[in-house]
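Residue numbers (the working numbering), protein chains in the order written: chain A, 1 to 158; chain B, 1 to 158.
Think of the hints as simulated: they come from the structure by calculation, not from any bench.
As the structure is a prediction and not an experimental result, all values here were calculated from the model.
Be careful, since some hints might not be right.
Intra- or inter-copy, both count: the list cannot distinguish identical chains.
[Claimed, not checked] DMTMM-like mimics (lysine to aspartate or glutamate), calculated; alpha carbons at most 25 Å apart, straight line:
#, residue 1, residue 2
1, K104, E83
2, K38, E108
3, K104, D118
4, K107, D22
5, K107, D87
6, K107, E83
7, K38, D90
8, K107, D84
9, K65, D87
10, K107, E29
11, K43, E108
12, K38, D118
13, K65, E108
14, K43, D90
15, K107, E77
16, K104, D124
17, K104, E72
18, K104, D84
Protein chains: 2
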Amino acid sequence: MRLTLYTDYSIRVLVFLSAHPDRLSSIAEISQAYGISKNHLMKVVQDLGRANLVTTVRGRSGGIKMARPPGEITVGEVVRVTEDGFDLVDCGSCVIARACGIRKILKEATQAFLAVLDGYTFGDLPKGELGILDVLAAFPDVRQSIAKAECLPAETVT
Amino acid sequence: MRLTLYTDYSIRVLVFLSAHPDRLSSIAEISQAYGISKNHLMKVVQDLGRANLVTTVRGRSGGIKMARPPGEITVGEVVRVTEDGFDLVDCGSCVIARACGIRKILKEATQAFLAVLDGYTFGDLPKGELGILDVLAAFPDVRQSIAKAECLPAETVT
Numbered sequence: 001m002r003l004t005l006y007t008d009y010s011i012r013v014l015v016f017l018s019a020h021p022d023r024l025s026s027i028a029e030i031s032q033a034y035g036i037s038k039n040h041l042m043k044v045v046q047d048l049g050r051a052n053l054v055t056t057v058r059g060r061s062g063g064i065k066m067a068r069p070p071g072e073i074t075v076g077e078v079v080r081v082t083e084d085g086f087d088l089v090d091c092g093s094c095v096i097a098r099a100c101g102i103r104k105i106l107k108e109a110t111q112a113f114l115a116v117l118d119g120y121t122f123g124d125l126p127k128g129e130l131g132i133l134d135v136l137a138a139f140p141d142v143r144q145s146i147a148k149a150e151c152l153p154a155e156t157v158t
Numbered sequence: 001m002r003l004t005l006y007t008d009y010s011i012r013v014l015v016f017l018s019a020h021p022d023r024l025s026s027i028a029e030i031s032q033a034y035g036i037s038k039n040h041l042m043k044v045v046q047d048l049g050r051a052n053l054v055t056t057v058r059g060r061s062g063g064i065k066m067a068r069p070p071g072e073i074t075v076g077e078v079v080r081v082t083e084d085g086f087d088l089v090d091c092g093s094c095v096i097a098r099a100c101g102i103r104k105i106l107k108e109a110t111q112a113f114l115a116v117l118d119g120y121t122f123g124d125l126p127k128g129e130l131g132i133l134d135v136l137a138a139f140p141d142v143r144q145s146i147a148k149a150e151c152l153p154a155e156t157v158t
């Protein structure tokens with residue numbers, strides 16, 4: 001069972017922005033921090049904007065930020081926006097679809113899955129010395145920060 | 001979010017066998033009932049056998065059946081066997097993986113998902129006139145049975 005890479009990247013963008021609630025961020029620095037292509041991120045950020053999760057400020061000193069405080073955006077809200085549906089199996093091709101009870105069971109399981117994600121906001125991510133928010137806040141020295149937190153040489157963190 | 005086609009087919013095989021607890025079934029008839037290729041089903045059945053979910057009886061009058069009564073096999077057990085892991089996102093490529101809290105949240109959500117599936121067995125599938133077990137038990141007239149149950153002409157059920 002997997003979420004799409006698109007959801008993965010969307011979450012990463014919002015994690016980054018959660019670590020920088022007081023300033024605008026750029027797609028270039030998010031791209032550099034995670035090693036994800038800018039082109040991929042541009043599409044992700046555009047769609048997060050449409051979904052009212054990210055605000056874009058245009059102009060020379062522009063950038064992006066969370067549309068609401070991190071504590072007001074749940075992981076469930078993001079996954080619901082970014083995933084291309086939650087029909088876990090393709091019943092459309094199955095001759096017994098309408099009589100089958102499996103779909104109902106999978107739907108109940110999916111609702112339980114989303115209910116957990118609805119219970120966490122981007123404000124709940126770990127803080128502190130080993131926490132992601134502090135690690136990303138230390139950007140552009142992300143790799144160095146992680147290496148330091150894990151007592152590893154920076155060049156081993158790729 | 002999707003389960004693999006392999007899980008889909010595995011569930012369908014077990015649904016079919018649940019509808020025929022008192023006799024052996026053949027891959028050919030399951031293939032015909034669902035319109036799935038025999039080659040796909042052979043691999044699925046082989047793996048379900050290894051996982052102690054299906055028993056194969058060899059020989060001319062052989063076939064397959066549930067390894068245990070339908071009420072003793074949960075949907076969760078099957079999905080755990082057939083899905084290729086439950087790492088919903090690929091944290092391996094992410095520089096902040098070890099410091100990130102998202103993985104833990106997704107893991108908790110996945111556990112809630114599986115807990116629901118663990119609560120249902122193949123004995124819980126709907127019975128009665130519109131129930132899948134009765135519909136499949138009427139094989140080889142599956143399409144006719146469904147059409148009858150839904151008051152549709154048989155040829156419209158594909």
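Hints versus structure:
In this assembly of identical chains, K104 and E83 lie within 25 Å of each other by CA distance both inside one copy and across copies; the values are 19 Å within and 19 Å between. In this assembly of identical chains, K38 and E108 lie within 25 Å of each other by CA distance neither inside one copy nor across copies; the values are 37 Å within and 31 Å between. Proximity of K104 and D118 under a CA criterion of 25 Å is satisfied in both settings, with 21 Å inside one chain copy and 14 Å between copies. Taking identical chains as interchangeable, the C-alpha atoms of K107 and D22 are never at most 25 Å apart, the minima being 39 Å within one chain and 30 Å between chains.
Taking the shortest alpha-carbon separations for K107 and D87, both the intra-copy value of 8 Å and the inter-copy value of 20 Å come in at or below 25 Å. In this assembly of identical chains, the alpha carbons of K107 and E83 lie at most 25 Å apart whether taken from the same copy (15 Å) or from different copies (17 Å). Taking the shortest alpha-carbon separations for K38 and D90, only the inter-copy value of 19 Å comes in at or below 25 Å, while the best intra-copy value is 33 Å. Within a single copy, K107 and D84 get their C-alpha atoms as close as 15 Å, and across copies as close as 20 Å, so both meet the 25 Å cut-off.
Proximity of K65 and D87 under a CA criterion of 25 Å is satisfied in neither setting, with 32 Å inside one chain copy and 28 Å between copies. For a Cα distance limit of 25 Å, the shortest separation of K107 from E29 qualifies neither inside one copy, at 38 Å, nor across copies, at 28 Å. For a Cα distance limit of 25 Å, the shortest separation of K43 from E108 qualifies neither inside one copy, at 32 Å, nor across copies, at 29 Å. Neither within a single protomer nor between protomers do K38 and D118 lie at most 25 Å apart by alpha-carbon distance, with minima of 29 Å and 42 Å respectively.
Taking identical chains as interchangeable, the C-alpha atoms of K65 and E108 are never at most 25 Å apart, the minima being 34 Å within one chain and 28 Å between chains. With identical chains, the CA atoms of K43 and D90 are at most 25 Å apart between copies only, with a shortest distance of 20 Å across copies and 27 Å within one. Taking the shortest Cα distances, K107 and E77 sit within 25 Å of each other both inside one copy (17 Å) and across copies (17 Å). When the C-alpha separation of K104 and D124 is checked against a cutoff of 25 Å, the pair qualifies only between copies, where the shortest distance is 11 Å, while the shortest distance within a copy is 31 Å.
When the C-alpha separation of K104 and E72 is checked against a cutoff of 25 Å, the pair qualifies only between copies, where the shortest distance is 19 Å, while the shortest distance within a copy is 31 Å. In this homomeric assembly, K104 and D84 come within 25 Å of each other (Cα to Cα) both inside a single copy, at 19 Å, and across copies, at 23 Å.
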